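With the hints as extra help, turn the sequences into a complete structure.
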Amino acid sequence: MYGIPFDCDFQMVHLRKSMVEEVLGGPIDRWSSVPTYDELIRISSELNGKVPGVAGVGLMGARGMWSTYTWEHVAAQAGMMLFDENWEPIFNGDAGNKGMDTILALSKNAIEGYAGAGWGENRAAWLGGQVATNISWQDSGTQAMRPDQSQIVGDFVTIYEPRISGGRFAPPNIAGSTSCVAASSQNPEGAFLMLAFLTTSSIMAMNEANANGVGPGYRSVLTNPNLQAVSQPAEVMAASLEYAWCAPRLPGMFEMEQVIGNEVNRALVNQISGKEALDNAAAAVRKIMKQNGFYGAKPPVDYASVAPGLWVGKDKALPF
Amino acid sequence: MTDTSMSGTGVASASPGMPDRHFKRRSKRLRVMFPYLLVTPAVAFLLMITLYPGAYAIIQSLFYVKFANWQFVGTENYRDLFGDREFWTALWNTFVIGGVALTLECVLALLISFYAYRDPWIKGWRIIFLVPMLFMPSAVAFIWKLAFMDGRVISDLLIRLGFIDNNIGWTSSIWLSRLTLIVADVWQWTPFLFIIFVAALQGQDEEVEEAARLDGAGWAQIFWNISLPMMRPVIAVAVVLRGIDIMTMFTNVYIMTQGTPGGTTETISYFIYRIGFKSFNFGYASAASVVMLIMTLIIAQLIVKRAFKSGKE
Amino acid sequence: MASQRRKKNESHLFRYIILGAWALFCLVPVLWFLSIGLRPRTEIITQQPIYWPHFSLDAWHMVWTDWPMGYYLRNSVVSIIGSVVIDLVLAIPAAYSLARYTYRGREDIGFYILSTRMMAPAIVAIPIFFLFKNMDLLDTVWALMIIYAAINLSLITWIIRSYMLDIPKELEDAARTDGASDLRILWEIIIPVILPGIITAGVIGAIFAINEFLFTLLIASTKSAYTMSVALANFTGGSDGVIYNAIALVAFIAFVPVFLVVVAIQKHLSRGLTMGAVKG
Amino acid sequence: MAQIELVGIQKKWGAVWGVRDVNIDISDEEFIVFLGPSGCGKTTTMRMIAGLEDPSEGEIRVGGERMNDIDARDRDAAMVFQGYALYPNMSIYENIRFPLRMRKVPKAEHDTLVRRAADLVEMGIISIVNPQLCPAVSDKELPWHGRSCAARKCF
Numbered sequence: 000m001y002g003i004p005f006d007c008d009f010q011m012v013h014l015r016k017s018m019v020e021e022v023l024g025g026p027i028d029r030w031s032s033v034p035t036y037d038e039l040i041r042i043s044s045e046l047n048g049k050v051p052g053v054a055g056v057g058l059m060g061a062r063g064m065w066s067t068y069t070w071e072h073v074a075a076q077a078g079m080m081l082f083d084e085n086w087e088p089i090f091n092g093d094a095g096n097k098g099m100d101t102i103l104a105l106s107k108n109a110i111e112g113y114a115g116a117g118w119g120e121n122r123a124a125w126l127g128g129q130v131a132t133n134i135s136w137q138d139s140g141t142q143a144m145r146p147d148q149s150q151i152v153g154d155f156v157t158i159y160e161p162r163i164s165g166g167r168f169a170p171p172n173i174a175g176s177t178s179c180v181a182a183s184s185q186n187p188e189g190a191f192l193m194l195a196f197l198t199t200s201s202i203m204a205m206n207e208a209n210a211n212g213v214g215p216g217y218r219s220v221l222t223n224p225n226l227q228a229v230s231q232p233a234e235v236m237a238a239s240l241e242y243a244w245c246a247p248r249l250p251g252m253f254e255m256e257q258v259i260g261n262e263v264n265r266a267l268v269n270q271i272s273g274k275e276a277l278d279n280a281a282a283a284v285r286k287i288m289k290q291n292g293f294y295g296a297k298p299p300v301d302y303a304s305v306a307p308g309l310w311v312g313k314d315k316a317l318p319f
Numbered sequence: 000m001t002d003t004s005m006s007g008t009g010v011a012s013a014s015p016g017m018p019d020r021h022f023k024r025r026s027k028r029l030r031v032m033f034p035y036l037l038v039t040p041a042v043a044f045l046l047m048i049t050l051y052p053g054a055y056a057i058i059q060s061l062f063y064v065k066f067a068n069w070q071f072v073g074t075e076n077y078r079d080l081f082g083d084r085e086f087w088t089a090l091w092n093t094f095v096i097g098g099v100a101l102t103l104e105c106v107l108a109l110l111i112s113f114y115a116y117r118d119p120w121i122k123g124w125r126i127i128f129l130v131p132m133l134f135m136p137s138a139v140a141f142i143w144k145l146a147f148m149d150g151r152v153i154s155d156l157l158i159r160l161g162f163i164d165n166n167i168g169w170t171s172s173i174w175l176s177r178l179t180l181i182v183a184d185v186w187q188w189t190p191f192l193f194i195i196f197v198a199a200l201q202g203q204d205e206e207v208e209e210a211a212r213l214d215g216a217g218w219a220q221i222f223w224n225i226s227l228p229m230m231r232p233v234i235a236v237a238v239v240l241r242g243i244d245i246m247t248m249f250t251n252v253y254i255m256t257q258g259t260p261g262g263t264t265e266t267i268s269y270f271i272y273r274i275g276f277k278s279f280n281f282g283y284a285s286a287a288s289v290v291m292l293i294m295t296l297i298i299a300q301l302i303v304k305r306a307f308k309s310g311k312e
Numbered sequence: 000m001a002s003q004r005r006k007k008n009e010s011h012l013f014r015y016i017i018l019g020a021w022a023l024f025c026l027v028p029v030l031w032f033l034s035i036g037l038r039p040r041t042e043i044i045t046q047q048p049i050y051w052p053h054f055s056l057d058a059w060h061m062v063w064t065d066w067p068m069g070y071y072l073r074n075s076v077v078s079i080i081g082s083v084v085i086d087l088v089l090a091i092p093a094a095y096s097l098a099r100y101t102y103r104g105r106e107d108i109g110f111y112i113l114s115t116r117m118m119a120p121a122i123v124a125i126p127i128f129f130l131f132k133n134m135d136l137l138d139t140v141w142a143l144m145i146i147y148a149a150i151n152l153s154l155i156t157w158i159i160r161s162y163m164l165d166i167p168k169e170l171e172d173a174a175r176t177d178g179a180s181d182l183r184i185l186w187e188i189i190i191p192v193i194l195p196g197i198i199t200a201g202v203i204g205a206i207f208a209i210n211e212f213l214f215t216l217l218i219a220s221t222k223s224a225y226t227m228s229v230a231l232a233n234f235t236g237g238s239d240g241v242i243y244n245a246i247a248l249v250a251f252i253a254f255v256p257v258f259l260v261v262v263a264i265q266k267h268l269s270r271g272l273t274m275g276a277v278k279g
Numbered sequence: 000m001a002q003i004e005l006v007g008i009q010k011k012w013g014a015v016w017g018v019r020d021v022n023i024d025i026s027d028e029e030f031i032v033f034l035g036p037s038g039c040g041k042t043t044t045m046r047m048i049a050g051l052e053d054p055s056e057g058e059i060r061v062g063g064e065r066m067n068d069i070d071a072r073d074r075d076a077a078m079v080f081q082g083y084a085l086y087p088n089m090s091i092y093e094n095i096r097f098p099l100r101m102r103k104v105p106k107a108e109h110d111t112l113v114r115r116a117a118d119l120v121e122m123g124i125i126s127i128v129n130p131q132l133c134p135a136v137s138d139k140e141l142p143w144h145g146r147s148c149a150a151r152k153c154f
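Just so you know, the sequences run in chain order B, V, Y and L. Read left to right, the first sequence gives residues 0 to 319 (numbering that gives the first Met the number 0). Read left to right, the second sequence gives residues 0 to 312 (numbering that gives the first Met the number 0). Read left to right, the third sequence gives residues 0 to 279 (numbering that gives the first Met the number 0). Read left to right, the fourth sequence gives residues 0 to 154 (numbering that gives the first Met the number 0).
By construction, these hints were calculated from the structure, which means they are not laboratory data. Values in this document were obtained by computation on a predicted structure and should not be read as measured data. Don't be surprised by glycine CBs; every beta carbon is placed ideally from N, CA and C. Where hints are given, some of them may not hold.
[Claimed, not checked] Sample of chain V residues facing chain Y (criterion: CB under 10 angstroms; computed from the structure):
#	residue
1	Val38
2	Thr49
3	Gln70
4	Pro228
Right, dumping it as structure tokens:
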């Protein structure tokens, strides 16, 4: 089993320094000022509309993967496990619902465009000073420092992701950005060929290809100069193959990301309840899993061999 | 008829340069085949670009496709599709968004062309009104995405005018989100209908109009009772062409809403694109394509053929 | 009498209000978008919209230096002109056949050609994608050329056909008795006579090709085949987010030539847009 | 040589009769006029003689030779059309020259032949002398349109 590391994203919370300090009544401490999501809900509701044109919180609520990521990351703070031992999706458990409730509460203080906001829209609103707090990846912090793009240079603090009170930390693996390749799998070359012509989607395709069992042949493909010419990630990955750890994606992951996110989005715009959304998502995901060879005699990928990587938090101390 | 005449052949003998007469027997087969030969390259080219994809889509729609790995699933994709809420929503959205946009475009284009066609500065108006149509559709989508959503310009203007108090969440409400797509489409494509309607109005016989005026009809009456009925075939053709394009609406959805909220702005084209190129479920997307293709063919037979029959020659 | 004159003036006034309002609706977004292209990026998405921004050529420099816009422009021009040439070579004989001969199946063939105009790009996108992949044509200007030609062939055929129908049949009969063969007639009489119609068809086809988005998005996924319309999408991806001022400038760079050409063929425009069904 | 015989010529479009059983014998250098109300088949008959229309039945003979299967372009018949049918993309000079080009008459002879034809229809030499000065046909309907049309048929 080899892993292909790239683009490791962390969900973080970014704060507008001046505004949040005013609400907190003192300087921000990165570790303790906003310890829980409940606290973020409170702060963002106080901040919402306080300054004309500035909303309490920005979050990615668009259909598809954006909503999926937001829900997963938040629910992970409540200790969500996505699947049980038999790969049955268990989204509609306590943790999953807690995550959903948290997002729904946050959405009341959210910027008006959050339901259509993917990464690009969220980034623009944050850098343009339209939100007082923002849930996004780490690069929203580095980009806010660039005066050619950012209105809020010097007026922001990035804190680590808040917990959900009572929850335990569990990194969700369903859409993690790290890919892996199972050395034991079949049909190695086919999926990677996708990359040769799909650079805008190459990252997606590569993940998907990995998940579908790309075998030992992957290296020859990754080191192919033609592929490297069109896909810079391929070049980087090829160089760091030996040093990788792995957290495999599930086969059919992109389909799952889409269906989960679409349901979460429907809940965010009040078309269905959060519980319904999670039930619908679980049913859809189960179907996709089945089509990809789960629930049969032999799982499509040998996950046991990567168990340590799958569950990073289990036997390890939290970094803070 | 009467001045048609044949010149005598007497002069022919006076032309020493003409070669000797030799009557070439024509090949009857070539004669019959000739028009087919002329049209063959074009048809062959189009067949390549429609028949192959058609067959490919039909075959692929019977599989669960995971890149190079195809699992035969029979008609499962179709059964799923007809039970898929998102598919029916997409169909309904396409119909609703397209219908409202098309109606608005038609009414506005009629209104404007009615006021513009006899204006002395019609040439100037026409150039101005053409401008939106000549922008790349993707750019137009960005214009309106920025105006409605990212830049909040329209919310701001409405606040300044005192209509509302807070910024509007365009993407959170079904009809507001659809409205953004409709406005973008109306802005860009009303000129299309306008240009056609003005040409039709200018092309109509002035004497009929003058006769009606002598009979005491006013402008509006003339328009309603004479111009409009005379324009019917033109309107039919224009609406059919615009309708075809609206039914395949993709760019605006892709750039502006991506189907938010909850899939209520997702058109059928975007649905197929999303299933195919975001979920990578090509078999399912192909099944949707096949259904769409059949619907297109039915619409083409029922409506388009008739419109173009009445409109031509 | 006086009241009637006033009434007339009022109706004039009303007309100019309507036309003026529509002109504003058409032009204001365009001018505002131009101002987006000429302002610094930090003044585009802000707490409150900025209506009087600072002037900046940031985007202009970005468009020509950071992105090889000249190269994209070349791709656009090559693929579009190539597609129009392919179309004219195929469409002129086909249109001649449809306009001038009576034979079995003519109506059906004509309608088949027309019906390809109705095909939603999304319907054929996936198979076409794999077709080009198998032909090793993805990410090439050739693929774009073929796809644009396919999209526009019906349009161009029908426009040219309509112009051919306008030519009096006598002209051909005369040429025939003068000893010209059918192809000779097409080449020496028909094509020169309907040249304005052919140009119209080509220009309208070119505009549709410039505007094509979905296929270009799928086929041209690397820089080697980016065209203007995909270059736009290029400004939206990556870690830099949507770069609106660059998008605005690219849109105007593409708009100007299109506008000039269209103004030049204005007279034929309505006819071309309706595929010949409306004679303007 | 140019004796024309029409034997039982018929033309039918579907159920509509264009021409019904025409039998005419026209001898060489004879001058003949068809007269009749509109729609009686004068033009159709002539178009069949010129080869622009195929008779549904019957036979056309020129100089005793059966012409039915011979293309209009190869029949070497001449016909002046109601609407003149001048080629709008060519000058009058070029119009008159067109049949010469089509019938592959050696280029060197063209000028002489065009002038002679123009003289025959009394077109006046002005429009012919310099092909470049020749007005384009599409300019306007000029008095010599009909004549140049006839001139084209004078070879």
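What hint numbers does the structure not satisfy? 3 and 4
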